[in-house]
Amino acid sequence: MNFVFVSPQFPEVYWKFCAALRRNGARALGIGDTPYDALAPEVRASLDEYYWVSDLGDYDQVFRAVAFFSFKYGKVDWVESNNEHWLAQDARLREDFNVRTGPLPAQIAAWQSKAAQKPLYAAAGVPTARQTRLTTFDETRWFIGEMGHFPVFAKPEVGVGSGGARLLTSDDDLRDLIAEHGDVPYVVEQYVEGDICSYDALLNSRGEPLLENQEEFPPSMADVAQRQLDLSYRSLPTVDPALARAGRALARSFGLASRFVHMEFFRLSHDRPGLGGAGDYVGLEVNVRPPGGSTPEMICHAHGIDVYQAWADMVCHDEVRCEPSADPAVCVYAGRRDVHRYLRTHDEVMERWGGAIVSCGRVPAALSDDLGDQQYTARFGTSEETDEFVAYVQERRHFGHDGPKGER
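Here the sequence shown stands for residues 1 to 408, where the numbers follow the numbering used here.
Some hints could be false.
[Unchecked claim] Once the Cα atoms are required to be at most 20 Å apart in a straight line, the calculated DMTMM-like pairs of lysine to aspartate or glutamate come out as:
no., residue 1, residue 2
1, K155, D338
2, K155, E297
3, K155, D96
4, K118, D369
5, K118, E264
6, K155, D173
7, K118, D96
8, K118, D173
9, K75, D55
10, K72, D48
11, K118, D172
12, K155, E139
13, K155, D138
14, K118, D223
15, K72, D96
16, K155, D176
17, K155, E189
18, K155, E84
19, K155, D172
20, K75, D37
21, K118, E157
22, K155, D60
[Unchecked claim] FRET-style restraints, in silico, Cβ to Cβ:
no., residue 1, residue 2, range
23, W52, R245, 43 to 49 Å
24, A109, G354, 32 to 38 Å
25, A116, Y73, 32 to 38 Å
26, G355, D183, 48 to 54 Å
27, A88, P119, 18 to 24 Å
28, D347, D327, 16 to 22 Å
No lab work stands behind these hints, which were simulated from the structure alone. Where is the CB? At the ideal position from N, CA and C, for every residue including glycine.
From just these sequences and the hints, can you work out the full model?
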């Protein structure tokens with residue numbers, strides 16, 4: 001099998017997908033914009049060959065890289081990045097090289113459009129917030145009036161994470177958005193209050209889950225990024241059956257298969273007519289790639305299984321053949337920001353929690369708006385320990401009237 005993996009060097013853990021492919025006997029061929037000599041040793045070791053391009057966004061360069069691999073090794077069987085930013089380009093490469101193991105451009109465009117997703121939610125029987133495309137002030141204001149009142153939530157129709165999202169609380173906010181959004185298509189949605197949860201799954205060629213995971217996030221990732229809040233979120237060892245039912249129904253209605261997927265939901269904090277009762281799940285968005293950043297690492301620790309190997313098993317064998325190596329647990333991420341001062345030093349955190357911490361370190365700048373600048377990821381047997389850990393890591397130093405003496 002010739003597998004072309006786009007950007008194996010970023011996010012920094014994605015080389016593990018390639019290493020797992022090679023363990024299964026596939027040929028892992030990487031394309032990236034980091035010069036070969038600057039690649040980490042583990043990235044180089046995970047690949048059979050690497051083709052450097054100066055700009056991964058330059059389609060002609062990436063096309064030539066795939067053409068080179070095709071000439072040297074024969075027909076390309078898979079093209080994948082597992083990265084939201086490159087999904088449309090992955091699909092275009094599949095179409096140009098007649099690769100049929102993944103979605104083509106029209107399918108990706110439908111999956112990535114927050115407006116085009118709505119009928120697919122309806123087909124799955126999963127409730128979602130009412131939505132309209134942003135057009136004129138009068139048309140959008142009429143939609144808001146039909147729902148009742150502000151606030152409403154606005155976000156790019158095609159976007160990654162919380163980038164560009166904003167809460168609109170008044171007519172002036174709406175006018176500002178119309179004046180500022182430029183050529184970027186936006187949607188405006190009914191505001192929903194609740195916790196954000198995700199259903200993550202490895203799906204086989206029939207769209208059936210081979211591995212399922214549940215994550216729990218803060219109520220608003222947009223608030224985390226825009227207000228520079230400290231992020232914490234967790235990966236759970238079991239999945240709420242109601243969430244699993246909704247995720248599986250969406251996999252069928254979207255036609256998802258042979259992929260790692262990340263579906264986000266609201267869990268309602270109170271009854272909401274037309275959407276559900278407190279505790280019910282309401283669809284937010286479907287992402288046809290793994291959860292971002294180093295979250296696959298958290299899935300590994302939560303389920304005691306190598307999720308990269310499980311993904312490679314799905315690709316090569318259409319089943320998971322690797323076995324769990326540890327008991328399930330709660331895996332939690334606690335981020336810190338450089339702009340804040342914390343009560344405990346790094347050394348104190350490590351002394352108190354070092355036995356539970358599975359990783360810590362700096363967050364890449366490209367991900368720091370959402371994830372913070374420094375991260376501590378730990379594994380615990382109970383939610384109570386998890387809560388205590390997060391509070392310990394993120395408790396901030398409070399200054400008296402004399403100012404920030406002794407801050408650290």
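Taking the hints in turn, this is what the structure says about them:
| no. | hint | in the structure |
| --- | --- | --- |
| 1 | K155 with D338 | violated (27 Å) |
| 2 | K155 with E297 | violated (28 Å) |
| 3 | K155 with D96 | violated (31 Å) |
| 4 | K118 with D369 | violated (28 Å) |
| 5 | K118 with E264 | holds (14 Å) |
| 6 | K155 with D173 | holds (13 Å) |
| 7 | K118 with D96 | violated (29 Å) |
| 8 | K118 with D173 | violated (25 Å) |
| 9 | K75 with D55 | violated (24 Å) |
| 10 | K72 with D48 | holds (12 Å) |
| 11 | K118 with D172 | violated (28 Å) |
| 12 | K155 with E139 | holds (17 Å) |
| 13 | K155 with D138 | holds (18 Å) |
| 14 | K118 with D223 | violated (24 Å) |
| 15 | K72 with D96 | holds (17 Å) |
| 16 | K155 with D176 | holds (14 Å) |
| 17 | K155 with E189 | holds (8 Å) |
| 18 | K155 with E84 | holds (16 Å) |
| 19 | K155 with D172 | holds (17 Å) |
| 20 | K75 with D37 | violated (28 Å) |
| 21 | K118 with E157 | holds (12 Å) |
| 22 | K155 with D60 | violated (31 Å) |
| 23 | W52 with R245: 43 to 49 Å | holds (45 Å) |
| 24 | A109 with G354: 32 to 38 Å | violated (47 Å) |
| 25 | A116 with Y73: 32 to 38 Å | holds (36 Å) |
| 26 | G355 with D183: 48 to 54 Å | holds (52 Å) |
| 27 | A88 with P119: 18 to 24 Å | holds (20 Å) |
| 28 | D347 with D327: 16 to 22 Å | violated (29 Å) |
When the structure is compared with the earlier hints, violations turn up for hints 1, 2, 3, 4, 7, 8, 9, 11, 14, 20, 22, 24 and 28 and for no others.
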